[in-house]
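Student: Sequence:
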Amino acid sequence: MADTRTHLAAAIQHARSLRAELRQQTARTRTTMEKIEIERDRLRDLIRTSNVLLNYRDGE
153 MADTRTHLAA AIQHARSLRA ELRQQTARTR TTMEKIEIER DRLRDLIRTS
203 NVLLNYRDGE
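Numbering of the sequence shown is given in my numbering, commencing with residue 153 and proceeding in unit increments.
Incorrect hints may have been included.
[As the list claims (entries may be wrong)] With a Cα cut of at most 20 Å, we get these calculated SDA-like pairs of lysine to any residue:
{"#": "1", "residue 1": "Lys-187", "residue 2": "Ser-169"}
{"#": "2", "residue 1": "Lys-187", "residue 2": "Gln-176"}
{"#": "3", "residue 1": "Lys-187", "residue 2": "Arg-175"}
FYI, nobody ran anything at the bench for these hints, they're computed from the structure.
For clarity, every value in this text was computed on a predicted model and none was experimentally measured.
Could you put together the complete structure from these sequences and hints?
Tutor: Listed below in structure tokens is the structure:
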């Protein structure tokens, strides 16, 4: 019986550890996604600006 409790306690601890690791990975993924979204928006703005400048130049 004590052996079963020991295994159960170890399994619970392992599950908690995995859950904590998953939370950390999720936070890192969220941060990475936010950085990607910021960069995407910057590139989109740069493309718009470039298009405006090209249209202005072509219109001269």
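Student: Next step is simple, just say for each hint if it's right about the structure.
Tutor: Checked hints:
1. Taking the CA atoms of Lys-187 and Ser-169, the gap is near 27 Å; set against the 20 Å cutoff, the hint is violated.
2. Distance restraint check for Lys-187 and Gln-176: the Cα-Cα separation of roughly 17 Å lies within the 20 Å cut-off, and the hinted pair is therefore satisfied.
3. Pair hint Lys-187 plus Arg-175 holds up; C-alpha atoms about 18 Å apart against a cutoff of 20 Å.
Consistency note: the structure conflicts with earlier hint 1 alone.
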